[in-house]
Structure formats: C-alpha cells, structure tokens
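There are 2 protein chains.
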Amino acid sequence: MSASDNDNSPKQNFAPLKNDRLLRALRFEPVDTTPVWMMRQAGRYLPEYKATRAEAGDFMSLCKDTDRATEVTLQPLRRMDLDAAIIFSDILTIPDAMGLGLYFETGEGPKFKRTVRQQSDIDKLPTLDVNDSLDYVMRAVTSIRKALNGQVPLFGFSGSPWTLATYMIEGGSSKDYRYTKGMLYSNPELLHQLLDKLATSVIDYLDAQIIAGAQAVQIFDSWGGGLGHRQFIEFSHMYNKRIVAALKARHPEVPVILFTKGGGLWLDIQADSEADALGLDWTMPLDRARQVLTESQRQLTKQHKKLQSSKAIQGNLDPATLYGSPETIRSEVKLMLDSAYACGEKTGYVANLGHGITQWVDPDHAKVFIDAVHDYKL
Amino acid sequence: MSASDNDNSPKQNFAPLKNDRLLRALRFEPVDTTPVWMMRQAGRYLPEYKATRAEAGDFMSLCKDTDRATEVTLQPLRRMDLDAAIIFSDILTIPDAMGLGLYFETGEGPKFKRTVRQQSDIDKLPTLDVNDSLDYVMRAVTSIRKALNGQVPLFGFSGSPWTLATYMIEGGSSKDYRYTKGMLYSNPELLHQLLDKLATSVIDYLDAQIIAGAQAVQIFDSWGGGLGHRQFIEFSHMYNKRIVAALKARHPEVPVILFTKGGGLWLDIQADSEADALGLDWTMPLDRARQVLTESQRQLTKQHKKLQSSKAIQGNLDPATLYGSPETIRSEVKLMLDSAYACGEKTGYVANLGHGITQWVDPDHAKVFIDAVHDYKL
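Which chain is which? The protein sequence lines are A and B, in order.
Be aware that the first sequence starts at 0, since it is given in the working numbering, and climbs by one per residue.
Be aware that the second sequence starts at 0, since it is given in the working numbering, and climbs by one per residue.
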C-alpha cells in the first residue's frame, strides 16, 4: 500500500509503507505474524528518552519541539521491532489549547491552572482552530511521518471527550471524579455542553492529524471505566461514536481504534460504532471479547438490516507483566495470543499492553514482549 | 429470628432481631421491601461523626475506643432507616496487628511504616491470635451488638487477602500496584506465601467477629479489579473462596457477602464460592448480573451434580449519584431497582452504593436514597 490510501491526505509524497501488518490486521486481511506496538512506547523507561527530555526541558516543551518530538517517537523503533509508531504528544493538548494552562508537577501528574465547573467557564472556552493553536502537533505528525520513511504506520491520537472533561473539571487527575460526577448528576446539561464542544474539537484535531500524515488514530477513553453503565453510554460512548462516524465519513480508509480502559463490560455497547477496533485492558479474556463482538455484530446486522463489519481487537497484556522474567513474559504472551485466536480467525488482532508501559520497565523486557508476539506461530 | 440463629456464637443473650429484612433477602425469602445499607455509612459526611472523631484523636484511636466506635456505628441509624449496621473499623487492622505500623496522613490515605517485599519480611509476620491482638475489634462488635438491641443486624468485615497484600507490599494505597504486581509476575510463590498467611488470619478474624456478635460478614476485595482475569482467579478469588468455605463450615447460618470492586466481569468466577451474595460496583447492570449468576448456577449445578444455591446481589448505585438532586437520586434508585428485579424474583437483592459513601455527600441526600429504596413498590 502507499500513502495515497489516505484519500483525503494532501499529496506530501510520503514514502510507501513497507510494513502494513497492523493495517492488514485491522482490516481482517491475512498477516504473516501478529502486529504489535505499545501504548506510551516513547517514554521514561527508555534512557535515551530521558536524555532528550532533559534537553527539551519540561514535558510540553518536548511535545512542542518538532525535532525532539520526532526523535523520541523514533527511539523505541530503533530498539524493538515495533509495527507502529505513535506521535509523541499528550492527551491534554486540547484543553491546554483552550487556555486552561496545562502543567506537570513532579510525581503528581498533569494539572490545570484553571478548571471548568460552571456555565461561564464553558462559555469562555474558545472554538479551536486546531491548525492554529495545535499546529505544533500537526508539524510533529508530518515530521515523524517523513522520518519514518515508510518503516511502519504512524498513529495519531486524542483523549475522549469524557476523559478530557474529567481533567478540565477536576483540574487534574482524580480518583473519584468528585466535581465531574457532581456536574453529571446535578447538572447533566452543562456537562453535555462541555462534551459537545470537546467532541467537535476532537473531530477537528484527529482530522487534522490524518491530513498531516497520521495513518491510523486511537481515541483514549482512559477514564470511561469510572462511569456507571447507563452514564457510560450517555456521557462517553455517544460522543466517541459521533467522533468515529465523522472521521470515517472524511477518511474511510483510516482505521480508528477506540480504547476505553475498564470498558470490558461494555464491548457490546462500543460495538455499535464505526470503530475498526476496540482496545482492551487486561481484565477481559480475549476469547470472550471475540465472542461478545461476534454476537454484537450479529445483533447489529439484524437491527440495521445491513451487514455490520467485524471489529478487530487490540490489547491486552497487563503492563506489569514486563516486571516478570523473560520466561514469564513469553508464557503470558502465549496465553494471550492463544486466547486472541481461540475462535480460529488468524487476523483481526493487534497485540499491545492493556495500558501504557510504565517507567520502571527494563527496555530489554519490552523487547522480549515484542519478539514473543512475532515469534508466536499463527 | 433470634441470636441463636448464629449457631456457633456464645449465648450472650443478645436481644432478638426486630428487622431481619436484610437476612431474609440474602436467603431469598419474601421481604416487605428492599433492605438497604451503605458502605462507610458511619463516616465523614456526618457532622456528628466528625465531632466524635475529633474527641477520639486519630482514626485508629477511634477504632480502638469501644464506646466511641459504638457511638459512630449507631449515628447513621439515628438519621436514616437503615436495615443493617456495620462495625466501625478499618480493612487494615490485620496488617496493623502484624506489626506494620498503620498510620493516616491527612489527605493521603492509609500508610504503613514497614513494607513486605521479600522472604524475610514475610517470615517476620507473626501468626495472629486475633482475640489477643485484635481484641479491640471483638469488644466493639459485642458492644455495638448490645447497643443495637436487636434494631437491625450487625455486619462484621475484613479486607480480602489480595487487597491487604497490596497495602502491605506498596506501603499504602497505589494506582498501579507496582511492587505487588512486581512480586506477582517475578516471584508468585512469595506472594502466595503472604496471601496464604493473610487468608488464615482473615478466617480467624471473621470467625471471631461472628462469635463476638456479627450477624453477617462482608469481604472487601477493594482492589481485586486491578488484576488480570487469570491473575484474579489465582491471587484473589481462590483465597476468598477458601475464606468463605471455612466460615460457612463454622457458621452455616451467617451470610457472607463478597465484594470485588471492578469485578463485574468475573461474576461467573465468583459464583463458584459459597458466598451468599456478591457485591457489585456501579459498572454492571443488575439485570445482567442476575442473568450471569443464574447461568453460572446452572453450569455449577451440572458440574457438581448437586443443586447450587442462588447468589443474592448487593449494590450498585454510584455513590456520586448522591451529589445529585433528590429527584435525580429517586429516579436513579428506581432504575436500579427495576433492573434488580427485572427477572421477576422480588427478593435476593440488597440495595447499597457501589462503593463507600464519600465525605462530600449531604446527609439529607443519603436519607433520600434510603427512603427511595424503601418506597419502591416490589
């Protein structure tokens, strides 16, 4: 395949793709081996990442530095036989661009200087021109795509509206989403206003990333799992579904992966979207996930009176597995792949961790994971 | 019913039970209305609790002060028509009694002065004589049971071995269980040694609470949901199952509720235990939970060639619902109860929150919840 497969992308003369294993798996086409990548694969477990980050200064300076963002994106690919790259950025770029003042306190995670808790806060949020206020992201996408030179496909990504809203309302990360759920249960219309604004920006943002060169995109619904089942549908899934539909209308050939951490119970709900694949954390066995998705496909086909396509699956090794010995990692990978392919179909699956790789992992252990996936006999 | 229903409890001449709605629901007997209580119902959302706590000094001093522990246990029952009391204590009393030095830093949650990370740490852990080192808990149980004077049944409780182990290994609460999962994946036998010791102590502890007067017990597997599905079975469920079996052998009439937060995906696994009821957080619809449990009962009956009893269900209102208006609380309660009874059986269900009530809830809103449950027409 070639870059022209992205119909709506400008003709930037990107190099032809050499390794299309991941895109083939997402389309349920035959693959020679299982494609694999890792969420947060450019990160603090790599000494070379820490060195580049130290040169750049703080985290957001690194994101905004096109050359260094390109460099750290490529670093894990030099060590490991990864089947995808993902642009080095943060899920909180949109609220930052909306003027909330993102900053990182050591050991405390992301924080915002300003929160969004009432009507006037929402009214003040600007409608983003992503190519203006988030132009550094698009520059990085194009730079990385060029630097990859067709080696593997490049992912763009965004946080989901619900996930972004939790950070914006709480002012940072949260255990129990006190203010966000307070708004949800006491003033749901206000929350919907915010989610609606965010969904519009996420669509524009991912659209712009695709036009800049992203060959697949993933939506991180990192905190969707904290919602009640009905609330998940109303306050997270409906917005994700709308985003995916808008992206598929503009870029039918670009795969979209939807990942709700803690969303294993709701695969049947998420199946009712145009996402090409659903991401899974480590709590759900892959054979069961496949069964749920097959049944959902059957039900949705009946309901819509039109054949619904299969959903590929991505995941789901517990990142903590990488703290184990190479033998443990290999045996856990084998169990995971046995489960992924239990239904007999030897495609439609992308191996990954069930969440981001942690800073305490030995890079050699990450490599054992990647190699074990590729060594598995389909 | 009377206290003699607890066959193995000493004849302490406790007053006969006036409200046995909760015990009847757990036995699938007819009930006049749905029993309801709240996890952490004696807590910081109540100004009278804060006053008593201030008198006692720190949290553990309050737990160890029989009169004040009795007082705070009864406080929510004066405000609300609750169908159960639960002894005021902490899930971390066992590791504290093992000498790890439990303390609470303001706004930071529980911490331990010493952690358990290697063989020598485990070897040093004493075999607890719970009636010696945890005698303050049994004194509180008996005192509360007497003070209740038969008003409602009294719950005893314990943390699950897995949940206790995470605190002991991390030295406090944790987002990703770095050291606990490190041990799980790199030295699982060591973790099993710790879990085995903890399971023995939990059995003795709950047994002693029942003998002291507890009329039901709940096992809080608060962090079970952080495990992978296979690891949940091996490192959490198997120990919970053993604890429940030992308790049911000693006290067949005392109901045991098993609550794994984030365990909705694993109800079929937990069904394979002698627990009378399974607790659920807010992520799993109750009608679906009932379907899973009915199917599990059928499968287990076939497998064991002996009729397996039905499991009651407890839960599952999102505690954040109580931030909403009285109208919202009532409509959410109605949806929950409609779902709980969707299969037609009007018992076998205990209403509760899906996790502890938070300190920011208006006590009047908690009362709206309790009343809405009772007002629901079965």
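Careful, some of the hints might be misleading.
Where chains are identical, the list cannot tell them apart; a pair therefore holds if satisfied intra-copy or between any two copies.
Quick list of in silico lysine-lysine cross-link-like pairs, DSS-like style, CA-CA up to 30 Å [said to hold, decoys possible]:
| no. | residue 1 | residue 2 |
| --- | --- | --- |
| 1 | Lys49 | Lys366 |
| 2 | Lys174 | Lys112 |
| 3 | Lys174 | Lys333 |
| 4 | Lys145 | Lys112 |
| 5 | Lys305 | Lys110 |
| 6 | Lys333 | Lys123 |
| 7 | Lys174 | Lys240 |
| 8 | Lys174 | Lys63 |
| 9 | Lys145 | Lys174 |
| 10 | Lys305 | Lys376 |
| 11 | Lys174 | Lys305 |
Simulated from the structure, these hints should not be mistaken for lab results.
Inset, instruction - Tell me, in ascending order, the numbers of any earlier hints that this structure violates. - result: 4, 5, 6, 9, 10, 11
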